[in-house]
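2 protein chains.
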Amino acid sequence: MKKVYLMTPGPTPVPSEVRLAEAREIIHHRTKEFSDTIKIVSEGLKPIFKTKNSVFTFAASGTGAMEGAVCNLLSKGDKALVIKGGKFGERWANLCKAYGVEAISVEVEWGDVADPAVVKKHLDDNPDIKVVFATLCETSTATEYPIREYGEVIKSRPNTLLVVDAISGLAACDLQVDNWGVDVCVSGSQKSLMLPPGLAFASISDKAWPFMDKSNLPKFYFDFKKARKALEKSDTPFTPAVSLIMGLKQALEMINADGGIDKILERVTVMGDATQAAMKALGLKLISKHPAKALTGIFAPDGVDGKELKKTLEKKYGVMVAGGQDQFEGKVIRLTHLGYICQFDIITAIAAIELSLHDLKHPVELGKGLKAAQEVFAKASI
Amino acid sequence: MKKVYLMTPGPTPVPSEVRLAEAREIIHHRTKEFSDTIKIVSEGLKPIFKTKNSVFTFAASGTGAMEGAVCNLLSKGDKALVIKGGKFGERWANLCKAYGVEAISVEVEWGDVADPAVVKKHLDDNPDIKVVFATLCETSTATEYPIREYGEVIKSRPNTLLVVDAISGLAACDLQVDNWGVDVCVSGSQKSLMLPPGLAFASISDKAWPFMDKSNLPKFYFDFKKARKALEKSDTPFTPAVSLIMGLKQALEMINADGGIDKILERVTVMGDATQAAMKALGLKLISKHPAKALTGIFAPDGVDGKELKKTLEKKYGVMVAGGQDQFEGKVIRLTHLGYICQFDIITAIAAIELSLHDLKHPVELGKGLKAAQEVFAKASI
Numbered sequence: 001m002k003k004v005y006l007m008t009p010g011p012t013p014v015p016s017e018v019r020l021a022e023a024r025e026i027i028h029h030r031t032k033e034f035s036d037t038i039k040i041v042s043e044g045l046k047p048i049f050k051t052k053n054s055v056f057t058f059a060a061s062g063t064g065a066m067e068g069a070v071c072n073l074l075s076k077g078d079k080a081l082v083i084k085g086g087k088f089g090e091r092w093a094n095l096c097k098a099y100g101v102e103a104i105s106v107e108v109e110w111g112d113v114a115d116p117a118v119v120k121k122h123l124d125d126n127p128d129i130k131v132v133f134a135t136l137c138e139t140s141t142a143t144e145y146p147i148r149e150y151g152e153v154i155k156s157r158p159n160t161l162l163v164v165d166a167i168s169g170l171a172a173c174d175l176q177v178d179n180w181g182v183d184v185c186v187s188g189s190q191k192s193l194m195l196p197p198g199l200a201f202a203s204i205s206d207k208a209w210p211f212m213d214k215s216n217l218p219k220f221y222f223d224f225k226k227a228r229k230a231l232e233k234s235d236t237p238f239t240p241a242v243s244l245i246m247g248l249k250q251a252l253e254m255i256n257a258d259g260g261i262d263k264i265l266e267r268v269t270v271m272g273d274a275t276q277a278a279m280k281a282l283g284l285k286l287i288s289k290h291p292a293k294a295l296t297g298i299f300a301p302d303g304v305d306g307k308e309l310k311k312t313l314e315k316k317y318g319v320m321v322a323g324g325q326d327q328f329e330g331k332v333i334r335l336t337h338l339g340y341i342c343q344f345d346i347i348t349a350i351a352a353i354e355l356s357l358h359d360l361k362h363p364v365e366l367g368k369g370l371k372a373a374q375e376v377f378a379k380a381s382i
Numbered sequence: 001m002k003k004v005y006l007m008t009p010g011p012t013p014v015p016s017e018v019r020l021a022e023a024r025e026i027i028h029h030r031t032k033e034f035s036d037t038i039k040i041v042s043e044g045l046k047p048i049f050k051t052k053n054s055v056f057t058f059a060a061s062g063t064g065a066m067e068g069a070v071c072n073l074l075s076k077g078d079k080a081l082v083i084k085g086g087k088f089g090e091r092w093a094n095l096c097k098a099y100g101v102e103a104i105s106v107e108v109e110w111g112d113v114a115d116p117a118v119v120k121k122h123l124d125d126n127p128d129i130k131v132v133f134a135t136l137c138e139t140s141t142a143t144e145y146p147i148r149e150y151g152e153v154i155k156s157r158p159n160t161l162l163v164v165d166a167i168s169g170l171a172a173c174d175l176q177v178d179n180w181g182v183d184v185c186v187s188g189s190q191k192s193l194m195l196p197p198g199l200a201f202a203s204i205s206d207k208a209w210p211f212m213d214k215s216n217l218p219k220f221y222f223d224f225k226k227a228r229k230a231l232e233k234s235d236t237p238f239t240p241a242v243s244l245i246m247g248l249k250q251a252l253e254m255i256n257a258d259g260g261i262d263k264i265l266e267r268v269t270v271m272g273d274a275t276q277a278a279m280k281a282l283g284l285k286l287i288s289k290h291p292a293k294a295l296t297g298i299f300a301p302d303g304v305d306g307k308e309l310k311k312t313l314e315k316k317y318g319v320m321v322a323g324g325q326d327q328f329e330g331k332v333i334r335l336t337h338l339g340y341i342c343q344f345d346i347i348t349a350i351a352a353i354e355l356s357l358h359d360l361k362h363p364v365e366l367g368k369g370l371k372a373a374q375e376v377f378a379k380a381s382i
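In order, the protein sequences belong to chains G and W.
Position 322 of the first sequence, counting from 1, maps to 322 under this note's numbering, and the rest follow consecutively.
Position 59 of the second sequence, counting from 1, maps to 59 under this note's numbering, and the rest follow consecutively.
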């Protein structure tokens with residue numbers, strides 16, 4: 001009977017309307033209804049990415065589309081720049097390594113971002129860098145990277161592409177794929193799009209396609225050209241994840257009915273502000289120097305074990321948050337504001353954090369964080 | 001209001017119990033409940049494959065696991081033998097090509113199978129063939145291949161593996177992964193397992209693992225060693241398709257409650273026999289010389305256009321069957337007996353075929369096919 005509140009940065013709660021759309025009887029993927037659905041969701045994703053480019057959907061986790069970006073754009077021995085300030089930046093480096101791509105890393109302290117000037121310097125020193133791999137919202141450090149500024153540096157260079165992992169950042173952080181010159185933007189279903197995991201997305205710019213003609217890396221399931229050929233006929237190259245795509249159609253309808261992408265971004269921003277104001281009011285330290293609005297990460301206060309805090313939230317209060325990964329393991333908790341999360345979920349999470357800290361004998365004034373959050377909500381009225 | 005009868009060889013109907021299991025509120029994948037689920041489904045898949053090997057689950061279509069078999073086991077320039085008698089045999093050849101593996105093809109006429117003696121001769125002539133890629137049930141030709149006999153030829157050769165695409169064949173055709181020496185067996189969720197598409201499976205033998213140490217092909221998302229390391233902790237290397245895995249747990253429970261894999265196989269066999277008896281009674285020609293029980297493919301009779309027959313079945317009667325692919329396009333229809341299909345679905349499909357042929361002015365004695373099918377059902381009592 002105890003309620004569970006899923007506040008992890010993916011999977012995020014899936015609305016019942018989406019779950020029921022997925023639960024209807026399955027339809028065959030070679031029918032007019034399903035072709036129409038493919039067309040509708042492909043078009044419907046464009047405003048979310050703020051792009052006129054085609055957006056492709058794969059039956060995979062987001063990492064699958066990240067792998068696609070590497071193996072479609074590059075050749076063995078090619079040079080790439082990887083911005084590496086957390087677990088997901090490292091994933092780009094690991095992908096490059098797996099494919100024999102020479103990755104120059106911009107090493108960033110966890111919680112910080114790479115200076116666009118450093119990116120520029122690397123590109124000036126290495127004009128043969130073909131791709132810059134970046135992360136919009138580095139989930140492991142709850143940090144938002146200045147993709148717009150990286151785009152300014154890269155856009156004018158005809159031989160260099162900007163590839164962005166927006167798996168947790170899409171529809172949660174400001175992102176303007178076309179205006180900012182993001183050539184390949186990758187995302188996944190289990191974040192702001194309010195779906196279960198199992199779909200990966202990639203938008204691809206006109207500038208990126210010719211790079212694929214030169215790529216000699218092996219590719220098959222994540223072959224972007226095959227995806228393009230299929231999408232021209234409102235089809236997919238391999239059997240699509242039919243039920244998840246029916247859910248995606250429903251989720252996009254809900255996003256539109258609710259005012260579209262800009263309204264979503266406004267709400268996430270307010271919820272991020274409220275959460276972060278609450279954490280500050282409670283004297284808790286954010287893990288990021290450039291906090292994303294998509295999620296908030298805090299260090300467990302002195303004398304409190306991060307794992308205990310996470311466990312208390314989960315076991316005693318039913319509030320599921322994420323802990324820390326790698327170097328942050330046991331030290332931090334992270335909670336999301338993206339997707340199907342509203343202001344009273346934030347209130348619930350803050351109340352549970354206050355109570356848990358109290359349980360763990362950390363001095364805390366109950367209600368202080370809640371008040372700070374309410375003050376943000378009162379001003380914003382989302 | 002008109003009922004739709006999905007008789008295509010994938011996606012197949014998904015029971016409401018499975019759809020509802022998928023529709024429950026999403027849980028996080030790093031919880032005890034989900035770890036337990038991973039353990040339960042990994043163990044539960046073993047008797048379906050008839051193996052003691054680990055069975056891995058990927059968020060992907062079946063083709064993803066096929067790609068995994070190629071890129072994990074082989075190196076560039078390695079030699080492989082591909083048994084190619086339909087669209088899916090060709091997929092193995094295309095995958096080898098994409099990865100620079102030298103594929104020797106055993107070309108088989110569509111609807112026929114490769115003689116095990118021919119496979120043996122190739123292996124004797126080319127002892128450096130590392131992998132034989134075969135298909136259990138070639139869906140495009142409704143043909144069952146003699147995997148057991150291929151296994152007999154390969155099993156004793158320490159430097160050669162047998163890899164089988166059992167995407168439509170699993171739990172529909174007889175398959176004994178361990179007894180027959182199938183080293184990697186690949187399958188998918190949207191066939192006999194009664195799930196939506198979106199999960200791929202691979203069982204991996206002890207003989208196969210050392211091949212991976214020598215493989216130099218790039219791999220990441222479908223890296224089998226990463227999958228093994230994760231499964232040791234009842235985990236997955238990347239975010240799993242949580243809702244589909246909850247459905248898989250439910251589907252495996254239903255299979256067990258219904259008598260397990262052998263009972264399923266018995267029922268599919270009877271339904272295949274009944275359908276094929278009906279088709280013969282109606283004077284229709286099977287497209288396969290070695291018809292699988294998983295599905296039945298027939299040529300449209302002289303004077304009847306295959307596309308018209310498929311269209312009449314679909315538009316007038318709501319019975320969705322598959323048409324022909326590539327060289328069979330417009331000439332054949334294929335209907336399934338696998339997964340969540342029972343004898344009265346078969347009766348429905350036969351009745352609709354009789355009526356459609358009548359509509360298309362083909363001389364047909366209404367009820368003749370139905371009688372032949374009923375006679376099979378009456379004897380078998382499934």
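Calculated from the structure, these hints are not laboratory results.
One or more hints might be untrue.
What the simulated footprint calls covered on chain W by chain G, stretch by stretch (three residues with Cβ under 8 Å from a Cβ of chain G suffice, anywhere in the stretch; the number is not a length) [as the list claims (entries may be wrong)]:
no., segment
1, 17-27
2, 56-62
3, 98-106
4, 126-136
5, 195-205
6, 253-264
Small disclaimer: the values here were computed from a predicted structure and weren't measured.
Using N, Cα and C, we set each Cβ at its ideal position, and we do this for glycine too.
Outcome of the hint check:
1. 17-27: The restraint on the segment 17-27 of chain W holds, since 8 of its residues have a Cβ under 8 Å from chain G and three suffice.
2. 56-62: holds (count 4)
3. 98-106: holds (count 3)
4. 126-136: violated (count 0)
5. 195-205: holds (count 3)
6. 253-264: With 0 residues close enough to chain G, the hint is violated.
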